[in-house]
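Sequence lines, in order, name chains W and P.
In terms of my numbering, the first sequence is residues 1 to 346.
In terms of my numbering, the second sequence is residues 1001 to 1608.
Treat the hints loosely; a few may be bogus.
With beta-carbon atoms standing in for the labels, derived distance ranges [what the hints assert, rightly or not]:
| no. | chain 1 | residue 1 | chain 2 | residue 2 | range |
| --- | --- | --- | --- | --- | --- |
| 1 | P | GLN1111 | W | GLU15 | 53 to 61 angstroms |
| 2 | P | GLU1515 | W | GLU15 | 32 to 40 angstroms |
| 3 | W | ASP331 | P | THR1468 | 18 to 26 angstroms |
| 4 | W | ASP331 | P | PRO1354 | 17 to 25 angstroms |
| 5 | P | ARG1007 | W | ASP331 | 24 to 32 angstroms |
| 6 | W | ASP248 | P | GLU1515 | 36 to 44 angstroms |
| 7 | P | SER1471 | W | ASP248 | 52 to 60 angstroms |
Simulated from the structure, these hints should not be mistaken for laboratory data.
The structure displayed is predicted, hence computed values, not measured ones.
For glycine and all other residues, C-beta sits at the position ideal for the given N, C-alpha and C.
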Amino acid sequence: MQDWTLTFEQQSALEPAQVGGKGHGLALMAQAGIPVAPGFIIATPAHRHYLDETGMGERLRNAMDGIDKHSLEAREALEREVVAWFDHTPMPSELRNAVIQGYDGLSRALQLPELAVAVRSSATAEDTEGTSFAGEYETYVGMKNGDDVELHVRRCWASAFSARALGYAWKNNIDPLAVHMAIVIQKVVDARAAGVMFTISPTTGDRSRIVIEACHGLGLGVVGGDVTPDRYVVAKVEGQVIERVLGDKHLEYGPDGKAHPVEAGRREIFSLNDSEAIALSKVGKRLERMRGAPQDIEFAIDRELPSGDNIVLLQCRPVTVTVPKTASPLDRALGQLTASVLAASR
Amino acid sequence: MNALTDRFPYLHEAKAPSGAEGWERMYPYFLVSQPDGRDFEQERFWFADSMHWSRAVHPFDSIGAEAVYYGCGVNGARSIVLPAALGLDVRMVNGFVYICPQAVSDPAEIQRRLALFQERAGHYYKNWDSLYANWKSKMTAAIDRMKSLQFASLPEIEPIEIVTEGQGRSVSWSLVENYHRLVDDFFLVWQYHFEMLGLGYGAYLVFFDLCKKAFPEIQDQTIARMVAGVEGMAFRPDDELRRLAKLAVELNVDPIINANDAADTVLASMAKQANGARWLAALEEVREPWFNYFAEYGFLHDQETWNENLSIPLHAISRYAELLRNGEVIDRPVEKLHEDRDEIVAEYRALLAPEEARAFDEALALSRNVFPYIEEHNIYVEHWSHAVFWRKIRELADVFVAAGFFRQAGDFYFLNRFEIDQALFDMVESWAIGVPARGVQHWAREIEARRKIMGALRTETAAPAYGTPPSEVTDPFAIMNYGVTTERVQQWLAQASGGNATALQGIAASPGVIEGIVRVIRHENEISELKPGEILVAAITAPSWASAFSVVAGVVTDIGGLMSHAAIVCREYGMPAVVSTGFATAQLKTGQRIRIDGYKGTVELLAA
């Protein structure tokens, strides 16, 4: 029988073709003992099976062949159609049962009957170095039963055919149907604070710096840019916080995925303390070493877990930004001198 | 001062402190701004070298500035042939030393010099260890030669050997000859000083530049830490103090070393103790050569070595002994420092791609190869050579006093080295002829005038800079050694035009943030005034202040880079330090409350 779902601990969860970029990252972390939010993966064969069994794949192929790829209006019209097709085309029963069992199993294991989960797309073309597909596919937060999860898995699949995702795929010469999309189902962390960590300075490209942006509640405010997060710079080697800048966190996202105003007194309180920032940076450093490249990591501090053991990583991917190098007159003077010294010393 | 935005006052616009008018005539003409050379001076940028001369210098003491910048120029510009830099020009303003790096800007000329540099520098880098060994023996020989010079008082009648051995040469001529030989060797050791230093810094810069490129936000102090030595000669004087403190505690004689007693009193009481003789013998053993050590750098005649003022080392020993009594460990944790250094190196290296790591290894190896020289050369030159130079100069000054030429030995230093040459000949010739020396009255008047001028000059601290600053400071040595960066110059300009006086910007030399009470130290003798928890504010801190670092909470200096022994010790003590603030001793007052940030290099004045 086909394994439509995989746990983070299963061997095949380490195969990107099976679980997509996001799932692969989570499996790597989980198997290295790095704390991630509990969950499971709906593997790429499930996606393929759905497209083949329901005839959705052929329908999409025909629809895409027939439109002007450069027309945003045409892509938007197709998106509206595609969303309706996916909403009205349930999974074949064997697949549907596997998804619902997956959710129920997770709910039982965590002893949370109305477990709120996030449904995240994890495509095979996503999150590889070079093309990030960052934010092109959907994530849904706050599903509380198997049926709802099943529906949102289909909506994630549909998001590969949004006007925006199609534009991005075609621009990068990628066939949208060649993208195999796994889905990650994870418990919604009851985040006291959350945010994003770069294991490289995004402004200078300094690899000895870790930069963390964090806010109260879930990290949606940091990712979406609708709050000014607190910012921490940690010296990677020395393990010290060398800079902290207080943000203005007027909103916080709750487990339901909705934004709530933050009372005045708490806006000016740092969302992470130094030891949390340092503990986070240690996890970041480990991940970077494991994956051999600077990482972009989403994390949360879980309210329900004890201090020191409350970090949950939500996802990680390689950093794709490169910092343009500009040489100042001093750089040139130094470069000239050092080149001549090096040449003389050889 | 008026609101100046794009330049500092020109050299000739510098206003003498009240009572110091006419200071210019005290120094050789070439060290002073002249009307004929104003165009040249005006378009250039001159910054204070208070790292070496933190106070206004007496006329004789300007010999240091002459020797340093002769040695620096001849090696950089003419011998090693640095491709893009000549020497550093030098001027005195209000008794302070100002320097001006001379760059080579013509690309063709740089190329021509580069070819010469490759050959010459290459020879040094490839034979570094043997050349350094050779350097040490040359230095030791020069120091021994200086030690052997005699300055005996003029006799009434020549010794009989002049006649019986048919010498036919007056003992008085030895005074003239030995003065010249002493000055010659002083200039020689300063040529030796720069023989390898520019190359050493150049090699360090290779590693520095590589780190800055790979880690744009890395702190300079972190780079220095990866290269700096943990043991070696540079640490010996302080290590000996720690050892003597331990021995005193072991022998139960440590209460005798009371910081409030004069050195003579301490030594006399020690001699009366049962175990005192053993401790005194140990002290005697280390004094040569390790106490030939200046509390500062030995550029001024009135600076004292530990040997000349035993209360300096005794005070430090008493402080270490107190730490021991309180159960603290005072040994430098050499092994741990080694481990820490290796760990930092390994961690940064691990962040690099394989080919970058290979370049990192090469640059680090090159830097470490030259670093013993960078760390140790000061012991030979600034401490040992200077100690014997000033000792011999004092002997000569005493000859002048014995001959009735000067009323007191201190008068000597109010003449510059050329004037001393004249006075010496005047004294010797008058003695030979049997007439009163013409200079006695001539100099007595002038010395009184100059004494007043020096008094007035010493009431002020050095202005950080003069002339027209470059839009960007690109001289690597100005930046690395003196901490003179584009940002620093802009801050000096802002502050010189009456800008923000509640905050100072310097260079972060040792990490940490601390608040505390200011103690401005203008002279090494004041170190004993430091109270626990205070922040030491000085023009520059000297290596020998290490024991004081165990008391203070932080250090702020006017000038200095990151590669000094003092900066390293500061980091070892885990104490925040901000160097190169330009104005700290001028703007901060003892008793004020400040916050210093050793990450950002800032000093903030807080409400009392």
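For each hint, the structure was consulted:
no.	hint	result
1	P:GLN1111 with W:GLU15: 53 to 61 angstroms	57 angstroms, holds
2	P:GLU1515 with W:GLU15: 32 to 40 angstroms	56 angstroms, violated
3	W:ASP331 with P:THR1468: 18 to 26 angstroms	23 angstroms, holds
4	W:ASP331 with P:PRO1354: 17 to 25 angstroms	24 angstroms, holds
5	P:ARG1007 with W:ASP331: 24 to 32 angstroms	25 angstroms, holds
6	W:ASP248 with P:GLU1515: 36 to 44 angstroms	27 angstroms, violated
7	P:SER1471 with W:ASP248: 52 to 60 angstroms	37 angstroms, violated
Figure legend: structure checked against the earlier numbered hints; hints not met, in rising order: 2, 6 and 7.
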